[in-house]
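Chemist: Each chain, written out:
There are 2 protein chains.
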Amino acid sequence: MKIGIAQINPVVGDFPGNAKRILAAYRECLEAGADLVITPELSLVGYPPRDLVFKSQFVPKCLQALDYLAGEIREIPLLVGYVDHNHPARPGKPFRNAAAWLSHGVIQHRIWKTLLPTYDVFDERRYFEPGESSEPITWGGIRIGITICEDIWTEDYLQRPFYDRDPVDDLSAKGIDLLLNLSASPFHLGKPLLRRAMIGGVARKAKVPVIYCNTVGANDQLVFDGHSLVADANGRIATQLPGFEVASKVIDPFLPVETEAPSNDSDPEQLYCALVLGVRDYVTKCGFSSVCLGLSGGIDSALTAAIAADALGPENVVGLTMPSPYSSRGSVDDSFALAKNLGIQCTEVPILEAFEAIKATMQPLFVGKPEDVTEENMQARIRGLLLMSLSNKDNHLLLTTGNKSELAVGYCTIYGDMCGGLAVISDLPKIRVYEVSRWINRDREIIPWDTIDKPPSAELRPDQKDQDTLPPYEILDKILELYVECQLSSDEIISRGFEESTVRWIQRRVDLNEWKRHQAAPGLRVTSKAFGIGRRMPIVQKFIG
Amino acid sequence: MKIGIAQINPVVGDFPGNAKRILAAYRECLEAGADLVITPELSLVGYPPRDLVFKSQFVPKCLQALDYLAGEIREIPLLVGYVDHNHPARPGKPFRNAAAWLSHGVIQHRIWKTLLPTYDVFDERRYFEPGESSEPITWGGIRIGITICEDIWTEDYLQRPFYDRDPVDDLSAKGIDLLLNLSASPFHLGKPLLRRAMIGGVARKAKVPVIYCNTVGANDQLVFDGHSLVADANGRIATQLPGFEVASKVIDPFLPVETEAPSNDSDPEQLYCALVLGVRDYVTKCGFSSVCLGLSGGIDSALTAAIAADALGPENVVGLTMPSPYSSRGSVDDSFALAKNLGIQCTEVPILEAFEAIKATMQPLFVGKPEDVTEENMQARIRGLLLMSLSNKDNHLLLTTGNKSELAVGYCTIYGDMCGGLAVISDLPKIRVYEVSRWINRDREIIPWDTIDKPPSAELRPDQKDQDTLPPYEILDKILELYVECQLSSDEIISRGFEESTVRWIQRRVDLNEWKRHQAAPGLRVTSKAFGIGRRMPIVQKFIG
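Taken in sequence, the protein lines are chains L and S. If you're matching positions, the first sequence starts at 1 in the working numbering and goes up one per residue. If you're matching positions, the second sequence starts at 1001 in the working numbering and goes up one per residue.
Just chain L, same shape as in the assembly:
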């Protein structure tokens, strides 16, 4: 018995394109001898389709595409994820998160997802009605249990026991020989290892092999890492498909496992690969072929440029270095050195003249008022304006380069350095920015060492350094993790030994800058809690804790 795992990269709402991707992978698996082929959750739709499902023709067109796919399938069955209607007379949500078993030209079986995640980045109860129970499918002499993503995430791997049922237990009680799972499980650091442990545990408990087919590719803020898995009935990981790339593989899940498949790459390598995939998919799925960005000579823009050059090719990355009177010559030199190392284009565009003109324009209103953060923001906004004009003129997508630490405390200028269509490293804390940059330089200097080694500065006033305003990044990032990711209160964080004034300053800055993040570009999520669709804070609120 050979199963083909088609780890494909669907585009949301692209039914004809996704059908083609599915068929190509299906045929590849057939050639490699598959007896059955599995694709990811909502493989025909792309995950997550979000409110597109409410468009009057979305689900009808999905079902048309499913019929077309079914017509292409003969003896070897194909498992496809799609969206179905709930019965119009049945109370509940209008749709089902569904899987179809296609063979001999028709839909032989339909399976509904039972456990619908409605937390973090997931909104499935907004759209879907849960299935109540699924029946094993007998095929080729074995009984196959089919589940969709969350259905196999047992409560040991969730934040709390969310559900009052366990679809794997139900299937086991009915008797199965093999468990299949169609998934769209987004990446964050630690998730691939967690999945190995979880899938192994499910296999051990159900005493059957498990085949876990995950989607790959990025859709908006979510990066799906692939890393599809096969576990034997003892919970040993027989096979792990590649991370962050389209792949297919045909395996026999009943073969005994001698040695487990090797596990994942290092943290910085995973982060880097996730961001490269995220940039490539965001830019190309949006129909752009090139990007521009501002190069400040600092580490954030350097890392962003390196990721973009890898994702799109250096010929498709255009840098601007925009020195102000407060910029050091070193910053411009570092930008050119970076551009040379990466092979990307870089142009110097000084902002002094524009800065003087803007100041002169506002002078009548500012008479007698000292220069302050207003003039710092002016510089950042002039740079944003210049970059957007380059983006407009030459049809580049502008990448914004801020990291998670500064976005958290609002150490960034809205409509200034926050300008851009995609916030590439906005979920990387500053310490991780250094870690990934050093990893990039592991063999040779790509990001100039001077950029990595010098003290970080926004260069918006003479001799400015980040640490004039911010706590040291080692401290800042630790407190931010406790406050933002763990959602602890200031008091709880202080009780862990952090300085009270620092903690309260950070807490206040995070809360006060919610409005700024509301208008931030979408970012690629790589930690368990990004500023993005998985974190929904009110702007107008007075809770302090």
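Worth flagging that the hints you see were computed from the coordinates, not collected in a lab. No residue lacks a Cβ here, since even glycine has one placed at the ideal position from N, Cα and C. Hints are not guaranteed to be accurate.
[Unchecked claim] Which residues of chain S face chain L? A partial, calculated answer using Cβ under 10 Å: (1) D1051; (2) Q1057; (3) Y1119; (4) K1285; (5) G1313; (6) N1316; (7) L1320; (8) L1342; (9) P1364; (10) M1388; (11) C1419; (12) K1542.
Got chain L; can you put chain S on it based on the hints?
Modeler: Chain S only, in chain L's frame:
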């Protein structure tokens, strides 16, 4: 039997402040002879708290505040909305959307919300576990059924039968003499009338009086209009509390109704009142006391200024008129005429010098390339930059002035005229902008008639008019309503008699500009489907329909 209805305006997460607001209204009702006082849904918390509930100390502090409130209450009971924990060992979501019956210094009863809306702007299944059944409370010789918001929205008033149970039927079967409902029901045009019909229907079906206490005030994008209601057992509306303001009233629900309470104001008046309340609450709850905005001489900025002057007082509104070489003198004159009519400050700041400096800065990169939309956007972005510098220097909140029609088709410049902390009229289609503006001028000219009567123009190139680019607003707004609010496909809209090329152009523009709206300022929702938290479209997607 006299019931006090406390239609209060809570601030999200402000437990001490909300407790004070509740107690003040409670005492006011006591003085007016109330035997029992009801407050809105989550009255102690503010609606919606969103992900604040996940903060480790949020619910504990809410429960502390509830205990404090209970301690203040003697014989006359108080009904308060709050968030409770779900039992830690019970599967499901961690929290309950709850109501507490406080009397004699303690919490006498706790009621869980049964039907949890998870559609449109609502995310309650993300946080709350539904209650299963609630018992009537016997008090003062009568049996009272207590429900929370959605619990009484029968399927006739929902998009489809979402729920497989009916809490009012359950309570009726157990026997009740009076039905109470704590609500946080946000405004959109048509909602107040819908509620009257719905509450009347509930009363008729259950054959008991209904008291419906709604919250008032704005939290982020949602404006709550109050309009609390009392229906007699025949479904006649005995009392309607004022719209868009804090109010309390003591009524006897068992008195026979002679004539029904008058219904709502006209559409433009409701829209105007909703936006005034929305601006006032957003600005003041955020801790600002003044706003600034750009005055273009056009109708959008004029209406926004008029709303702001009413909401905050004209002395707290500062206008900038920023003519370019393409601005007509009439536009500047209209801005000054508006400022004079409203009593707000207005300063003229020409952008020519800054525009020339920016063009000169980019000239080396733009050699040989013709002027295009890039230079139009430059002007809008220079204005955004100047307004933000005024906002920074003098601590005004910047209001952005775009309407829904232009936001829909992306006829606006990101980081330009889209700059600002609040998008006041971003849910008003252009035709409604005219309607509300004419209503404002019903007694005397406030918005200059010239502003209302002249053809709309962005004035970003010589002799530009909106209708050079856009279909006539009468057509555009009708098609947008069908596409965005009704979610119909292009084909369905065309089949209703609209021109194919116009429909497809609009559909494409709406879809392509999702990325721009992702970075838009929060807007005040006044229609059934705003661009905002109730509409969650992917940016990267290829569905056409």
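Chemist: Give a verdict on every hint.
Modeler: Hint-by-hint comparison with the structure:
no., hint, in the structure
1, D1051, "5 Å, holds"
2, Q1057, "4 Å, holds"
3, Y1119, "6 Å, holds"
4, K1285, "5 Å, holds"
5, G1313, "20 Å, violated"
6, N1316, "17 Å, violated"
7, L1320, "8 Å, holds"
8, L1342, "19 Å, violated"
9, P1364, "7 Å, holds"
10, M1388, "6 Å, holds"
11, C1419, "5 Å, holds"
12, K1542, "4 Å, holds"
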